[in-house]
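Participant: Here is how the chains run, residue by residue.
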Amino acid sequence: MAAEAISAVAARWMLAGEWRAHPGRVVTAALAIAVGVALGFAVHLINASALNEFGRAVRTVNGEADLRVRAAGPEGFDERLYPRLARIDGVAAASPVIELPAAAGKTGLTLIGLDVLRAASVTPGLIGDRNARTAFGEDLVFLSPALLDAAGRRPGQTIDLTAAGRSRTFRIGGKLGAAGEGQMIAVMDIAAAQWRFDRLGRIDRVDLRLAQGADAARVQRAVAAVLPPDAQLADQQSDERTSDNLSRAYRVNLDMLALMALLTGGFLVYSAQSLSVARRRAQFALLRVLGVTRRALLAQVLVEGAIVGGVGAVLGLGIGFALAKGALSVSGGDLGGGYFSGQTPELVFAPGAAAIFLVLGFIAALAGSLLPAREAARAQPAVALKNVGDAVDPRIAPRARFALAALGAGGACALLPAVGDLPLFGYLSMALLLAGGVAAMPWLARVLLAPAQRLTFKAPALDLAIKRLWGAPSQAAVALAGIVASTSLMIAMAVMVASFRGSVDEWLGQLLPADLYMRVDGAGLGLDPETQARLAAAPGVANIQFTRTTALRMAADRPPVALIARPGGWAASDIPLMIGRAIAPPTGAVPVWVSEPFSRIYGRRVGDRIDLPIGPGGRTGVVIAGVWRDYARQHGAIAIDARDFERLTGDRARTEASVDLAPGAQPASVIASLRAALPPGLAPRVTFARPRELREMALRIFDRSFAVTYLLEAVAIFVGLTGVAATISAQTLARSKEFGMLRHVGVLRGQIVAMLAAEGGLLGAVGGMAGIGLGLVMSQVLIHVINPQSFHWTMQTRLPWPLFAGVGAALVAASAGAALLAGRRALSADAVRAVREDW
Amino acid sequence: MPPRPAPTASPILTLHGLRKTVPGGRVLFDGLELALAPGEFVAIMGESGAGKSTLLNLIAGLDLADAGHVAIDGIDLAGLDDDGRTRLRRDRVGFVFQAFHILPHLTLAQNVALPLVLQHAPAPEALARAEALLEAVGLAGRGGDHPPQLSGGELQRVAIARALIHRPGLILADEPTGNLDPQTAERVLDVFARQIRESGAAAVLVTHSERAAAVADRRYVLTGEGLVERHGG
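First to last, the protein sequences are chains U and L. Each residue of the first sequence is one higher than the one before, starting from 1 at the first, in my numbering. Each residue of the second sequence is one higher than the one before, starting from 1 at the first, in my numbering.
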């Protein structure tokens, strides 16, 4: 096949000549790819670094354990399970662990109690720099470097730790050098932890190390056989799946958004290459006449695209790495998403991912070049040598067959379920809708302009503009492709975010009917019954309702769900929050009300029976009485009547309260009286907020977690508008011969400029209308397919009209402005020379 | 200077029973015959729309006849696919166009050398030969210039050099003086005829111009019946 390829020297001459003549276009196309690759790579690097850090933290705590038995609920499980596990054939070492959420002042941490001698062979990272003298001290605690820093303490000093509602003072025995950066952990002897925090007889975890050569599957079966309902078996994979599940949908969404930017880059390459090919029709025809085969010409144009893509992708990788580094230091590993709080991960370069994004950038540029390359190769050289205008006969109506097929396939994909908890068909649906929408542009431009084309306008500029756009739909479509691609993606994202924000805002309004809310910060702390009684009797309090939130593990490989105990569960007053019907549970059954994400994640509906890992024997069967809307807990929540919760767990502590004020009572004075009613040790850990403040804070968090989305969107808009301007400028400059002719026949310079501005404005308007329309369709896929499948919640569509108007105006202005500026440049050339110009 | 081949050599171009109609069914020509020996130079004249350029496209394999055969160096174009015809064109045919078609972003030497590098000739060798040919057409030392710096007549002389550089057996020229003023046309024709004769290639010149046709060895008029030879002035 070597003979089929255009010779290397000729290829080099052609490329160098073209790029020397139009460096701006090449740079724009390469930058478009670079931006797409940079965003994709940066988002991927940040995600990978955050997960890596998260995994490192998990590994420090879990050590070399092959298997872990852990509690499903906050009460732990009976410690008598430990010797039974240790005796199982194939288990070489077993280490019992207490793991409590705790606080040191305002700093949250995880308190770990372990048996030093047993932990040494399973979780050596948690032993710290202790020696025999310090190993067994019951008042000793070993802290991670980050915790020492945060608490402002040094080994040898004392520290007050609060956990399980109790505050105790310990002496700092040393530092846990193996703890990861930013990790907040404190380690002490297990017996001391059980005694000091009232956990006698209960443990939270047993780490198991298997004997060399032991059959892991057999040991797992043996372990599972002795487990009570309130304990679960986990291995390294299920732990990794848990941390992966924690933020997977969010990460995939960001990845997809970044890939959409790359897709926009691909469209810009398409625009640039189409224009370049259209302009060089006669040059390519000459090459065909001089003996270059169709395939060699196709390869030549593809090589041009590939080089642009390659340069853009390499540049993008560099920019992406720098972006990731900057973003990690500014907003952390979850880009404001709130999944990995407190960690500033170390950026890790991922060569595999870099190779993938390099290839993706390459593919985007090649795909963008393919259609123009085919057009160049298919042109009849004899015809193309004589005719350098639009190759499409204006009488022939553009076809919409491919567009309809792609749109239909996109619609069908939207109906398919998630794959492995990811909305892959949803994303495919978006891509197909986008491709179909862009492919429909020549047809749509023809349809939209047809009524205007039949009229004759008094202003010759407008008349000429409409007739040209109508008559040269293929050229119009090239400019429209970029406009529609970037506009529709941006509108789809904007409608989704506006709908989400609106739904969250409305939900907050329904969720926060009381006058005042209070919460105990720091897991493990709570308001005991005496404190609750004092708070209820505080001056200015008309009514106070206490709730208790704890974490329950419903599956070994999923993040815990929130169990919320509140008076009456979710009864009549909560009807606005309910989705669908609610039922009265059968007599004797314990009712629970599950959140929408729980219902979707675990596939449970109203009327279903589920087992909660609480109560006698660590298992209680309950009935789902209703499903409620919840945007706060992505991994699911279960509400239970406080009386049932107390009966099942004996736990009477509460973590939150909502307060109705007495008539005339001032919130500030009520807060003061409530604070006075709190035990002195607890008062600093309780925060008060009014509904308005909570609402503002929630929306602030929402906006922060979507900040990166807004940023990616802004970049997509910028790339899109730049592409639109570049495309229109190039098209305008390529028409200097036409302008020369018009000047010859007496059209004024000002009229030509007005015609170009009208053309640009019309293009922007048609593209804007099509882009907004397509974006609305795509937003429905985001709202009704991708979001429910990713985050397991639904929302109602809300349309951001001001944004539509702004985008439409910006598109018309950018298109008209670009055409106007390019027109002035094109008209600056001598009209006579333009007509005689050969190329 | 290569010797002119003997007229008795086997034909470089044979057109036999050629028929071509245009969309709408009008017959441009039917049963057209022509044989061209190496070194022969013929001119084909005819009214606008008679099919002169179409005939040239058929000879170059850029268009296909409805009936009949075109053979270059004994190779029937009908037996070749598009790639085959393209390769044949690259190796054995040179072109001169009315609109010059000089690539604007390449230097003059690169433009002239293009057919040779398309045959994978080393660039230095191709560029050296291009400079020599530019000198032969009166553009000595201009190889580094770019096309926008040249006049129409100069551009056409570059095109003539490009048509000859790979030593094709057949040159096809479509109205090479159509875009030039009479004085410039005269000079270009001189160069064209001299270079063709020096190269030993056969040539088909399609033109409206009696003056241009006069430089050929034989002159034909294209009619619906085929080519009719015109004798005398």
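Certain hints may be false.
Stated by the list, open to error - Some chain U residues near chain L, calculated using beta-carbon distances under 7 Å: (1) 9; (2) 232; (3) 233; (4) 286; (5) 470; (6) 471; (7) 472.
To be verified - Taking CB as the label site, the calculated pair distances span: (8) U/467 x L/138: 27 to 35 Å; (9) U/24 x L/148: 12 to 20 Å; (10) L/138 x U/374: 38 to 46 Å.
These are calculated hints, taken from the structure and not from any lab test. All residues carry an ideal CB built from backbone N, CA and C; glycine is no exception.
Participant: Look at each hint and say if it fits the structure.
Facilitator: Hints versus structure:
Of the supplied interface hints, the one on residue 9 of chain U holds, with its beta-carbon coming within about 4 Å of a beta-carbon of chain L, less than 7 Å. Because the smallest distance between the Cβ of residue 232 of chain U and any Cβ of chain L comes to about 67 Å, over 7 Å, the interface hint for this residue is violated. The restraint placing residue 233 of chain U at the interface with chain L is violated, with a minimum CB-CB distance near 66 Å, outside the 7 Å limit. The interface hint given for residue 286 of chain U is met, as the beta carbon of that residue sits about 5 Å from the closest beta carbon of chain L, less than 7 Å.
With its C-beta approaching chain L no nearer than about 25 Å, residue 470 of chain U sits outside the 7 Å limit, and its interface hint is violated. Annotation: residue 471 of chain U was flagged as interfacial toward chain L, and the flag is violated, the nearest CB pair being 21 Å apart, outside 7 Å. Look at residue 472 of chain U: its Cβ only gets to about 22 Å from chain L, farther than 7 Å, so that hint breaks. Between residue 467 of chain U and residue 138 of chain L the beta carbons are some 47 Å apart, a value that contradicts the proposed interval 27 to 35 Å.
For residue 24 of chain U and residue 148 of chain L, the Cβ-Cβ distance of about 19 Å falls inside the hinted range of 12 to 20 Å, so the restraint holds. Checked against the hint of 38 to 46 Å, the C-beta distance between residue 138 of chain L and residue 374 of chain U comes to roughly 41 Å, which is consistent with it.
When the structure is compared with the earlier hints, violations turn up for hints 2, 3, 5, 6, 7, 8 and for no others.
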